[in-house]
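*Asks:* Given the coordinates of chain A, work out where chain B should sit on it, guided by the hints.
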Amino acid sequence: MATIAQREAAPGGLWSRMSLGQKQVMWAWGFLAVPLIFYAVIRFWPTFQAFYLSVTDWTITRPASFVGLENYKRLLADPLFWQVFRNTFMYLILGTPISLGISFVVAYYLDRVRFMHAFIRALYFLPFLTTAAAMAWVWRWFYQPVPIGVINDFLASFGIPQQPFLRSTTQALPAVLAPAVWAGLGFQIIIFLAGLRAIPVTYYEAARIDGLSEGAILRKITLPLLKPTLVFLVVFSSIGFLRIFDQVYNINSNDPGGPLNSTKPLVLMIYQTAFSSYEMGYAAAQTVVLFMILLVISLVQLRIMRDR
Amino acid sequence: MSKAASFEGLPMSRIRPGRILAWTLLFIGGVIMVTPLLFMLSTSLKDASQVYDLRVIPETPTLDNYIEILGDGRFTRWFVNSMIIAVIVTLSNVFFDSLVGYTLAKFRFRGRYIVFVAILSTLMIPTEMLVLPWYLMASQFGWLDSYWGIMFPGMMTAFGTFLMKQFFEGVPDDFLEAARIDGLNEFTIWWKIAMPLVTPALSALAIFTFLGNWTAFFWPLIVTTSAELYTLPVGLSSFAVEQSIQWEKIMTGASIATLPTLIIFLFLQRYIVRGVMLAGLKG
Numbered sequence: 001m002a003t004i005a006q007r008e009a010a011p012g013g014l015w016s017r018m019s020l021g022q023k024q025v026m027w028a029w030g031f032l033a034v035p036l037i038f039y040a041v042i043r044f045w046p047t048f049q050a051f052y053l054s055v056t057d058w059t060i061t062r063p064a065s066f067v068g069l070e071n072y073k074r075l076l077a078d079p080l081f082w083q084v085f086r087n088t089f090m091y092l093i094l095g096t097p098i099s100l101g102i103s104f105v106v107a108y109y110l111d112r113v114r115f116m117h118a119f120i121r122a123l124y125f126l127p128f129l130t131t132a133a134a135m136a137w138v139w140r141w142f143y144q145p146v147p148i149g150v151i152n153d154f155l156a157s158f159g160i161p162q163q164p165f166l167r168s169t170t171q172a173l174p175a176v177l178a179p180a181v182w183a184g185l186g187f188q189i190i191i192f193l194a195g196l197r198a199i200p201v202t203y204y205e206a207a208r209i210d211g212l213s214e215g216a217i218l219r220k221i222t223l224p225l226l227k228p229t230l231v232f233l234v235v236f237s238s239i240g241f242l243r244i245f246d247q248v249y250n251i252n253s254n255d256p257g258g259p260l261n262s263t264k265p266l267v268l269m270i271y272q273t274a275f276s277s278y279e280m281g282y283a284a285a286q287t288v289v290l291f292m293i294l295l296v297i298s299l300v301q302l303r304i305m306r307d308r
Numbered sequence: 001m002s003k004a005a006s007f008e009g010l011p012m013s014r015i016r017p018g019r020i021l022a023w024t025l026l027f028i029g030g031v032i033m034v035t036p037l038l039f040m041l042s043t044s045l046k047d048a049s050q051v052y053d054l055r056v057i058p059e060t061p062t063l064d065n066y067i068e069i070l071g072d073g074r075f076t077r078w079f080v081n082s083m084i085i086a087v088i089v090t091l092s093n094v095f096f097d098s099l100v101g102y103t104l105a106k107f108r109f110r111g112r113y114i115v116f117v118a119i120l121s122t123l124m125i126p127t128e129m130l131v132l133p134w135y136l137m138a139s140q141f142g143w144l145d146s147y148w149g150i151m152f153p154g155m156m157t158a159f160g161t162f163l164m165k166q167f168f169e170g171v172p173d174d175f176l177e178a179a180r181i182d183g184l185n186e187f188t189i190w191w192k193i194a195m196p197l198v199t200p201a202l203s204a205l206a207i208f209t210f211l212g213n214w215t216a217f218f219w220p221l222i223v224t225t226s227a228e229l230y231t232l233p234v235g236l237s238s239f240a241v242e243q244s245i246q247w248e249k250i251m252t253g254a255s256i257a258t259l260p261t262l263i264i265f266l267f268l269q270r271y272i273v274r275g276v277m278l279a280g281l282k283g
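The listed protein sequences correspond, in order, to chains A and B. Sequential numbering of the first sequence, starting at 1, is according to the working numbering. Sequential numbering of the second sequence, starting at 1, is according to the working numbering.
Keep in mind that a hint or two might mislead.
Said to hold, decoys possible - Calculated lysine to any residue pairs in the SDA-like style (CA-CA distance at most 20 Å, straight line):
hint: 1; chain 1: B; residue 1: Lys106; chain 2: A; residue 2: Leu20
hint: 2; chain 1: B; residue 1: Lys106; chain 2: B; residue 2: Glu169
hint: 3; chain 1: A; residue 1: Lys23; chain 2: B; residue 2: Trp191
hint: 4; chain 1: A; residue 1: Lys23; chain 2: B; residue 2: Asp64
hint: 5; chain 1: A; residue 1: Lys23; chain 2: B; residue 2: Gly183
hint: 6; chain 1: A; residue 1: Lys23; chain 2: B; residue 2: Ile84
hint: 7; chain 1: B; residue 1: Lys106; chain 2: A; residue 2: Ala64
Hints listed in this document are in silico derivations from the structure and should not be mistaken for laboratory results.
One chain only, chain A, in its complex shape:
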């Protein structure tokens, strides 16, 4: 923008001889100049670099040299990777349907509620504004054994035996997932509410005149018309669950991703490979795999939702 100001200031210069259309073009590129440099240097260049690094043996101490697909071969042969791959998909497969199911039911009924509507909505929305790293500690505390752990204490008052939660290889993953689902519900409910509001009231009125039951209205009108909202939320929350990190890292900081790697997602593996083992090249290959997974999942979901 500075350059444009100068040109404008120069009397009788190039600028004054330009047509209005040419000036517009100059303004446009002037506005875009700084952002384009930003996107080139901070987004595009690092993207190519990530692909490049993934085929090198770069570590903190050793400069990068080309090793071909060695990192990818090593990754595919690494049992930890397959464990992590399974965990990552468990977060997705459990997290997305559960959170969307709950948030749709809440939004569907909340949409009809007038009494204290804003207050109830606020109760559901508040967790969305919390810091995941902080909430992981709150949930970690909840999961402790009695006498300190709130959930076990609650269970004990009904005579239900103690649950190990974070100490168990089978319960830990759902226990880590719970705060992530909890924190995301508010956002999804708000988006569903917006989607529900956007459906014209006349459709419902017409359906009621035709004598359709509430269930039929839900199936034939509400859900089909809510499809764009649903597509957005499925893609958005799937990506969120595939990239889960903050909760996992904080809820078990003695052994992040534990016990026995049973909660470790791909992003945590990337973090540990890069910043605990300092195998940057290997970590870069893992980030490329994450990119491919996100790409495939988004494309497949968009495709499925579009066809339906």
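*Replies:* Then chain B, alone, in the frame of chain A:
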């Protein structure tokens, strides 16, 4: 609350038992949703001897934990770090994302579509993939362990640009033409005429950017090494590890990290909810 009044004018037959049941269940669900927050706050107001008493209302509430934690200076430092970073990144996004969004929506020039697609395509690239090159870049330029190092990756976002472009497209060209005839330059037209017309979108963008940066953990964890430069989430994480089982201290730290956004929400609820809806529908 005041919405209760809207029951008036409805025939009483509309208030069926089913509705009352639905309302009650929704309300209970809502209370369950805020339970973790209530427990967090309540425990932060207890001293070490009361922590094992799991009642939500502390018997003898005390601010000692807050006094101790804030008194040691680290949390105040992390709070200030987080605030500075979140505010600067938010201002940068509000400025640049809307400038680019406006240019792409309202100027006609060759290459416009390519620029738009190029920026949009960066949405497909997960941050995690860029983190290693950013780390390399930051270490080469000496940005590790600095505010700029934490901030630079997020100074502009494709999401914000796309959001703003959508909204600027709804601004009538006549307004801008009229300003041009009045002899205003293009920058002034954008800043003085177009920007005020999209304030709902700007507030949505500002809310999302601020929240995202306030709660950000992954990149700040990587790029900072000295405790003075930690953001609140990273600082809290290291603090909690060091406190091990002093839950009242950890809950106090978690409250300090969480309360600002909750308090802002109480004041700006209407704008925040509208902002989330706007961003979700148009974004």
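*Asks:* Each of the hints needs a verdict: does it hold here or not?
*Replies:* Here is what the structure says about each hint:
The suggested pairing of Lys106 (chain B) with Leu20 (chain A) holds, with an alpha-carbon distance near 15 Å, which does not exceed 20 Å. Annotation: proposed proximity of Lys106 (chain B) to Glu169 (chain B) holds, straight-line Cα distance about 7 Å (limit 20 Å). Under the criterion of a C-alpha separation no larger than 20 Å, the hint pairing Lys23 (chain A) with Trp191 (chain B) is consistent with the structure, at around 18 Å. At roughly 64 Å between alpha-carbon atoms, Lys23 (chain A) and Asp64 (chain B) are farther apart than 20 Å, so this suggested pair is violated.
Proposed proximity of Lys23 (chain A) and Gly183 (chain B) is supported: the alpha carbons are some 13 Å apart, at most 20 Å. With a CA separation close to 37 Å, the supplied pair Lys23 (chain A) and Ile84 (chain B) exceeds the 20 Å bound. Distance hint between Lys106 (chain B) and Ala64 (chain A) is unfulfilled; the C-alpha atoms sit about 45 Å from each other, more than 20 Å.
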